[in-house]
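The listed protein sequences correspond, in order, to chains V, P and X. Residues in the first sequence are numbered from 48 upward in steps of one, following our numbering. Residues in the second sequence are numbered from 19 upward in steps of one, following our numbering. Residues in the third sequence are numbered from 2 upward in steps of one, following our numbering.
By construction, these hints were calculated from the structure, which means they are not laboratory data. One or more hints might be untrue.
Listed below are the simulated DSS-like cross-link pairs for lysine-lysine, each with C-alpha atoms no more than 30 Å apart in a straight line [as the list claims (entries may be wrong)]:
1) Lys258/V x Lys177/V
2) Lys43/P x Lys177/V
3) Lys173/V x Lys223/P
4) Lys87/V x Lys212/P
5) Lys234/V x Lys205/P
6) Lys94/V x Lys205/P
7) Lys205/P x Lys134/V
8) Lys142/P x Lys129/V
9) Lys88/P x Lys150/V
10) Lys134/V x Lys162/V
11) Lys150/V x Lys142/P
12) Lys205/P x Lys130/V
13) Lys134/V x Lys223/P
14) Lys130/V x Lys223/P
15) Lys42/P x Lys150/V
16) Lys205/P x Lys111/V
17) Lys145/P x Lys111/V
18) Lys52/X x Lys44/P
19) Lys212/P x Lys245/V
20) Lys212/P x Lys234/V
21) Lys212/P x Lys162/V
22) Lys130/V x Lys181/V
23) Lys142/P x Lys111/V
24) Lys210/X x Lys205/P
25) Lys43/P x Lys150/V
26) Lys142/P x Lys134/V
27) Lys134/V x Lys212/P
28) Lys223/P x Lys150/V
29) Lys212/P x Lys111/V
30) Lys205/P x Lys162/V
31) Lys150/V x Lys205/P
32) Lys87/V x Lys245/V
33) Lys263/X x Lys43/P
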Amino acid sequence: MQTLLNISNLCKNYRRSTGFFTSRQIIAFGPVNFTLERGKTLALMGKSGSGKSALIEAIAGITKPTFGEIYFKGRPLSTLSKKDRHKSIRMIFNDPIHSLNAKATIGTTLLLPLKLNTNLLAIEQKRQIKDVMKLVNLSSDYLNYYPNILSIYQLHQVAIARAMILNPEIIIADEVLATLDISLRFKIINLLLTIQEKRNISYIFISHNIKLARHLSDNIIVLNNGLIIKNTPV
Amino acid sequence: MSINDEFDKKQIRTPLHYIFQIFKKKVAAIIAVWIICTFLFIIIFADFIVSHSPSEQNMNALLLPPYWLKGGNTAYLLGTDELGRDNFSRLIMGIQRTLAGALIITAVVSFFGLILGALASSLKNFKASILHHLLDSLLTIPILLTALIFIVIFGSSFQNCLYAIAISLLPQFIRSIFLSIETEMAKPYIVALKIDSMSDLQLVKNVIYPNILEPLVTIINRVFTMAIIEITTLGFLGFGVQTKGTELGAIIANNFEFMYLSPILVLAPGITLFIIIFSFNVVAEGIRHAIIEAEQ
Amino acid sequence: MLNYIMRRLGLFISTAFILTLIAYALHYWLNQSHSQPIINGYITYMIQILKGNWGISIIDHQPILAKGLKSLASTLELSIFAFIGALTLAIPLGIIAGIYRNGQIDYLIMSTAIIALALPVFWVAIMMPTVSNIFHLTLPIDGQISPIYEVKNVTGFMLIDSLFTTGTYHFEAFYSRVRHLILPSIVLSLFIFAETIRLTRHSISMVMKSNYINAAYSKGLSTVQILRSHVFKNIYPSIIHDLRSNLSTLFSFAMTVDIVFKSKGSGQWLLTSIHEGDYIVLPTAILIIGGFILLSSILIDILLMLTSPTKRITLYVD
Ligand SMILES: Nc1ncnc2c1ncn2[C@@H]1O[C@H](COP(=O)(O)OP(=O)(O)OP(=O)(O)O)[C@@H](O)[C@H]1O
Ligand SMILES: [Mg+2]
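One chain only, chain V, in its complex shape:
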């Protein structure tokens, strides 16, 4: 078994200005240490404001950590190029409508990461897109549609396809399931699990639902005030 991700002493502080010259440091999380193995699932839990989103944003590369390092397959992430990093670690956003560009078709949205991060030929790009659509069980006809006519479930499928398109090794999801009703939630969970089986992917996801976290993950990490208070295998 391979260790994909090794988080070491990771911290993130925000500076909030309190006066004309003064500012106060707000610790979003940290220092935090944990590891993630290939093909495993990690659940992050904790009270609101405990730093879960801040932590995964730092891992996904949306924000820079203030201190500490993330090792990906033993190499510090900060030494990887932006492209390599975005290729290996992808994110599913919790609000599929608002995380899609309304002015671009689904095909364009899926094509964009390929164009920006790989040197594939046009035919190969097309094949990859077709493959990923098959992977999420969505008909290729939807490639020409704009997001506004898709159903919620279809939008989630698109969001997953978008995360999968670059064949990442880690997928991060922030409360993706929270806003869904039960039946849709199970459909998506099943979809994610099949994909994990097929492609041997590692997941990190945030959840407020302990039952769900137990059911899905191999490891549960509980954050409080930005620090890990529990790291328990299931």
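With chain V's structure known, arrange chains P and X with the ligands on it following the hints.
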């Protein structure tokens, strides 16, 4: 968006196409489009439309009324001014100068403004702070004052008036564009595109500008309106008229004294100016509403 | 709170500093003979400015600062009159348009606003005497006050100064000033009128769409009650804020109007000085007019903050 070509070919309905469909149903806006087309036609073919040279004087026909009034003459459709020059020809040439000037200013300001606005939004920390303080202070100086300053610096020709107005409209444009970009940048789909490895400039050019069409239309229409008002105001105040040609504001200033003898002298250029500005505003409103409706 | 005021003041100082740099650059360019290096020159210039030595006009050998301030006061009187007139009409109309959004009335009101915006200011100004003739109004068509009254300069604001002459003229001088203000302020109010209608309508329709209005409706409140209790206090900060960002455009128009009406305002002051070749007024005008607009923007910000602290409006950078 330029990135897709594979899938665009058999698109169901592109957003632009959709906006156009809605726009076509707006009667007032379509009428205004035709009026604007007429004016564009006048700009291009002004030299062929005019019956007299705008500077040709006829001492036997001073201050003639328009042809439909008593004493009028069909050779002078809108009558003549105090030197016996043909009002109609002067009006046509005035429209050409004023409107072409305003359109050029709008194009130039929009071009540089869109580029500088994008650059401004990609600046960070210290540089951004300097730029914004500079814009803040430039924005406290009224456009008319800035234009007057640049005319004093460049010298008072029509062309220099255009430069002066373009420069004085630029800070406002950059600030408005910047604010629209900032609002859009904060939206979640932009974060998603950023971790698709899109750079800030690519984002602004390919994603943000197409998504802020509605405020863009308003901002560009604002520039046009201010440009034409400033051109005519400066012309009216006597700047930029040494050259042979003529300009609507200068015509009004020139004819102003004789307004009581022949009201058409001031009414015709003034109303023309009003129709131009009004039509452009109606079209801009129409496009804005079409965009808003298309987004719903 | 205090914090916010401190930040605004800091912003005021840094923006004012850049304004003086711009003014100095222009001053430097206009003065062909340069005896000092640029930086020393700036320091000398600023010392003179702070001492109040802003130079002497070559036209009538009056101090430029005093003339500039007096003309600014005249333009301000005009603008305040225009504001009062425009706002009393435009806010109710904007509210009606916002409530009946996309209806017939809305269409009518918005068309009026676009027409008002499309009328070229200087043209309306020169048409005004004719219009007032048609309505048989005998209002003065140019000047600041009738020349038969001798008004001593006390505050610089003619409207106030004319009140000090009640001993000699009773209220005649004051009335004369008010009558001189009517036509120009009607012209200037067109722009404010159009802008305010647009802004009010926009804020109203934003507020009417929001959840708490639906909640208020479901509590069984009538439209008028909702307007009174929820809408007004929510729209006025954004209207004032938007008008504030239009101050410098408005000032451009006010200058145009006072040139046409020869009402001894900033526009006329600048224009005559430029025509006489007295270019040294230009840097002064940047400092006076730019400084005034900056100061009023900051004061409006602080006032808005004091009256509705929930909306931390920041157009300027912090
Ligand atoms: N951009 C930011 N600027 C300043 N502080 C921030 C920023 N983002 C997050 N924080 C602070 O960091 C802390 C952690 O926030 P975070 O969003 O990670 O919480 P969370 O655990 O995801 O909460 P929730 O369950 O509600 O999503 C909070 O105190 C928050 O105020
Ligand atoms: Mg969160």
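Taking the hints in turn, this is what the structure says about them:
| no. | hint | verdict |
| --- | --- | --- |
| 1 | Lys258/V x Lys177/V | violated, 35 Å |
| 2 | Lys43/P x Lys177/V | violated, 39 Å |
| 3 | Lys173/V x Lys223/P | holds, 25 Å |
| 4 | Lys87/V x Lys212/P | holds, 26 Å |
| 5 | Lys234/V x Lys205/P | holds, 28 Å |
| 6 | Lys94/V x Lys205/P | holds, 25 Å |
| 7 | Lys205/P x Lys134/V | holds, 23 Å |
| 8 | Lys142/P x Lys129/V | holds, 19 Å |
| 9 | Lys88/P x Lys150/V | violated, 60 Å |
| 10 | Lys134/V x Lys162/V | holds, 12 Å |
| 11 | Lys150/V x Lys142/P | holds, 28 Å |
| 12 | Lys205/P x Lys130/V | holds, 22 Å |
| 13 | Lys134/V x Lys223/P | holds, 23 Å |
| 14 | Lys130/V x Lys223/P | holds, 20 Å |
| 15 | Lys42/P x Lys150/V | holds, 21 Å |
| 16 | Lys205/P x Lys111/V | holds, 19 Å |
| 17 | Lys145/P x Lys111/V | holds, 21 Å |
| 18 | Lys52/X x Lys44/P | violated, 61 Å |
| 19 | Lys212/P x Lys245/V | holds, 28 Å |
| 20 | Lys212/P x Lys234/V | holds, 28 Å |
| 21 | Lys212/P x Lys162/V | holds, 14 Å |
| 22 | Lys130/V x Lys181/V | holds, 25 Å |
| 23 | Lys142/P x Lys111/V | holds, 15 Å |
| 24 | Lys210/X x Lys205/P | holds, 21 Å |
| 25 | Lys43/P x Lys150/V | holds, 22 Å |
| 26 | Lys142/P x Lys134/V | holds, 26 Å |
| 27 | Lys134/V x Lys212/P | holds, 12 Å |
| 28 | Lys223/P x Lys150/V | holds, 13 Å |
| 29 | Lys212/P x Lys111/V | holds, 13 Å |
| 30 | Lys205/P x Lys162/V | holds, 23 Å |
| 31 | Lys150/V x Lys205/P | holds, 14 Å |
| 32 | Lys87/V x Lys245/V | holds, 13 Å |
| 33 | Lys263/X x Lys43/P | violated, 47 Å |
Going through the hint list in order, the structure does not satisfy hints 1, 2, 9, 18 and 33.
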